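Taken in order, these protein sequences are the chains called A and B. With the first sequence counted from 1, adding 2 to any position gets you my numbering. With the second sequence counted from 1, adding 2 to any position gets you my numbering.
Note: identical chains are not told apart, hence a pair may lie in one copy or across any two.
In silico DSSO-like pairs for lysine-lysine, Cα to Cα no more than 27 Å straight-line:
{"no.": "1", "residue 1": "K281", "residue 2": "K198"}
{"no.": "2", "residue 1": "K82", "residue 2": "K43"}
{"no.": "3", "residue 1": "K186", "residue 2": "K306"}
{"no.": "4", "residue 1": "K186", "residue 2": "K199"}
{"no.": "5", "residue 1": "K121", "residue 2": "K83"}
{"no.": "6", "residue 1": "K199", "residue 2": "K281"}
{"no.": "7", "residue 1": "K199", "residue 2": "K306"}
{"no.": "8", "residue 1": "K281", "residue 2": "K244"}
{"no.": "9", "residue 1": "K52", "residue 2": "K34"}
{"no.": "10", "residue 1": "K190", "residue 2": "K82"}
{"no.": "11", "residue 1": "K195", "residue 2": "K82"}
{"no.": "12", "residue 1": "K43", "residue 2": "K90"}
{"no.": "13", "residue 1": "K306", "residue 2": "K231"}
Keep in mind the hints are simulated off the structure, nothing from the lab. Please read all numbers here as calculations on a predicted model, not as lab measurements.
There are 2 protein chains.
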Amino acid sequence: MSKEYNVAILGATGAVGTRMIQQLEQSTIPVKNVKLLASAKSAGKQLSFKGQPVTVEETTPASFDGVDIVLSSAGGSVSKKFLPEAVKRGAVCVDNTSAFRMEPDVPLVVPEVNEEALKDHHGIVANPNCSTIQMVVALEPIRQAFGLNQIIVSTYQAASGAGQSALNELRQESQDYLDGKDMKADAKILPTKGDKKHYPLAFNLLPQIDVFEDDGYSHEEWKMIHETKKIMLNDMNAKDIKVTATCVRVPVPIAHGESIYFTVDDPTVTVDQLRAVLKDAPGVVLQDDPAHQVYPQPINAVGKRDTFVGRLRADEENPGAFNMWVVADNLLKGAAWNTVENAERLVANGLI
Amino acid sequence: MSKEYNVAILGATGAVGTRMIQQLEQSTIPVKNVKLLASAKSAGKQLSFKGQPVTVEETTPASFDGVDIVLSSAGGSVSKKFLPEAVKRGAVCVDNTSAFRMEPDVPLVVPEVNEEALKDHHGIVANPNCSTIQMVVALEPIRQAFGLNQIIVSTYQAASGAGQSALNELRQESQDYLDGKDMKADAKILPTKGDKKHYPLAFNLLPQIDVFEDDGYSHEEWKMIHETKKIMLNDMNAKDIKVTATCVRVPVPIAHGESIYFTVDDPTVTVDQLRAVLKDAPGVVLQDDPAHQVYPQPINAVGKRDTFVGRLRADEENPGAFNMWVVADNLLKGAAWNTVENAERLVANGLI
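Generate coordinates for the entire structure from the input sequences, incorporating the hints supplied.
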């Protein structure tokens with residue numbers, strides 16, 4: 003009989019954590035036992051795994067005794083505190099927070115792009131930011147086929163990227179707006195918990211995701227730039243591909259959209275060649291038939307593991323430059339599924 | 003006493019038409035008499051101008067007898083039918099539809115950018131598309147100061163760009179979604195009246211505005227490319243500035259957002275130099291203070307004539323390249339106000 007694994011899910015009660023449970027239920031990983039861990043506040047809550055009830059436990063270092071795999075999405079400070087404890091006890095952790103992403107000895111992995119980086123792990127594998135994941139899934143097959151020089155991305159990011167409380171806030175604001183009430187009192191979390199002012203997202207656009215850096219870029223934009231380089235080129239400051247980003251929160255509950263402009267090495271590449279490559283690319287579903295109004299939409303991507311790509315067009319004034327539109331479920335491919343997929347690949351490659 | 007003008011508003015009962023009435027009330031044009039024109043269906047409806055009741059009349063060629071200025075926003079086919087009749091009777095028309103925009107002898111005018119083109123009119127002046135207007139207002143001062151090479155724009159366009167019925171549809175869908183009902187039955191207009199399939203916009207993103215061209219670009223994207231060239235360079239196919247666009251409808255009632263990437267001639271230009279130019283630019287309000295979370299938002303732009311610009315950032319890997327975020331009320335600067343402003347400038351320059 004093949005090995006079975008004890009798995010702990012850290013942050014099991016959140017928007018991503020509950021989806022990690024579902025994705026693990028549907029995964030190829032042989033699971034012996036599941037521990038659902040959270041803060042003291044959520045301890046005692048009843049959840050289930052494959053139909054069996056599981057009681058949520060408060061996370062302590064001893065929670066990781068005998069655990070083989072940790073899937074973590076409880077916030078950066080929780081990961082920083084507990085994952086070293088789990089590693090000390092022999093577990094391999096896939097961390098969905100930004101805590102370790104830029105550590106040189108922590109692989110930052112999207113399996114469709116850089117699965118081979120998993121072998122360099124020292125107990126922790128980092129899951130990239132949601133907006134980065136869907137972009138690199140769509141661009142890597144193009145890079146492999148034709149080379150990639152420059153990426154200019156504008157995001158249309160869903161509220162759930164800021165957690166369940168942001169989703170609730172969008173819902174409350176939307177109802178208040180429709181009832182003719184003032185939405186401003188509802189705004190307590192967005193654009194970002196970590197900053198001073200809060201603004202309504204319902205029926206609005208917020209060009210701020212995370213806090214701002216000194217150069218005017220938001221930290222989300224910084225992540226898209228440097229994570230993309232680390233994932234594709236194994237160097238967060240690599241110059242071979244130039245990347246810039248504008249990240250905007252939109253009043254959508256789940257699934258991010260991205261308008262991506264990119265240039266390839268070969269100026270003779272055509273849209274048909276790009277479509278041919280994307281049609282067979284891992285994790286990609288091509289939805290690109292404008293004549294029949296077929297293109298990716300968030301409401302159709304919710305609950306799916308795939309990255310949906312459409313609206314491929316040549317920039318007719320710049321040979322080798324193209325526009326495309328990419329949508330994926332930020333809580334699945336952007337978080338829970340990519341985390342579980344990394345764990346699946348660790349198991350399949352004998353790295354746990 | 004200075005001359006007073008007889009003004010007709012064609013399409014007076016629509017989302018833009020009602021705002022044309024308000025903008026004309028507040029304008030510097032000395033108005034003798036106002037005629038409110040619409041289809042037979044709306045004839046008889048009571049509206050008001052400067053506190054006086056005005057009955058909406060059905061549009062006929064004879065409606066334009068004695069009219070000096072026509073402000074038109076009743077759809078392209080209505081403009082094509084009636085504006086030549088109005089011109090024949092001696093009126094000067096400012097047309098907010100796309101009917102005449104690409105005619106070589108029709109100036110396409112945003113007064114802050116190319117007011118001088120008004121003098122070449124032959125009875126008709128065209129108002130550009132809403133998404134084009136706010137982009138050229140923000141970019142022209144930069145072009146004047148530093149030269150402009152390339153524009154890559156991704157839009158976040160409000161439902162009202164598709165008319166009052168699209169606004170109503172967004173509202174109905176939003177309420178149905180919050181009530182847990184299926185939104186799909188509500189979708190009868192968006193993404194565009196002129197195409198076969200209709201999709202919900204509420205809590206969703208639709209990367210289609212207007213119908214698709216053979217090259218995969220939507221007609222809205224085509225407009226942004228060619229109108230920008232005609233307005234800035236007086237040639238819809240000019241090569242001096244390269245333009246590409248991705249247009250997306252977002253679940254916002256009023257005010258478009260635009261993420262604009264652009265390159266200038268001088269690679270030494272800094273963000274501070276751009277801000278200095280934009281601070282004093284006509285029609286522009288600079289809202290760019292990330293440290294205090296100040297940036298343009300649709301809910302703050304509604305009802306304003308200005309174009310709001312923020313999130314200015316250098317692309318640190320490409321000298322002379324920048325990102326910015328631009329928001330304006332698509333029904334005012336993008337339509338009603340730019341139309342009335344064109345009429346104001348025609349009057350002020352003695353061109354009527």
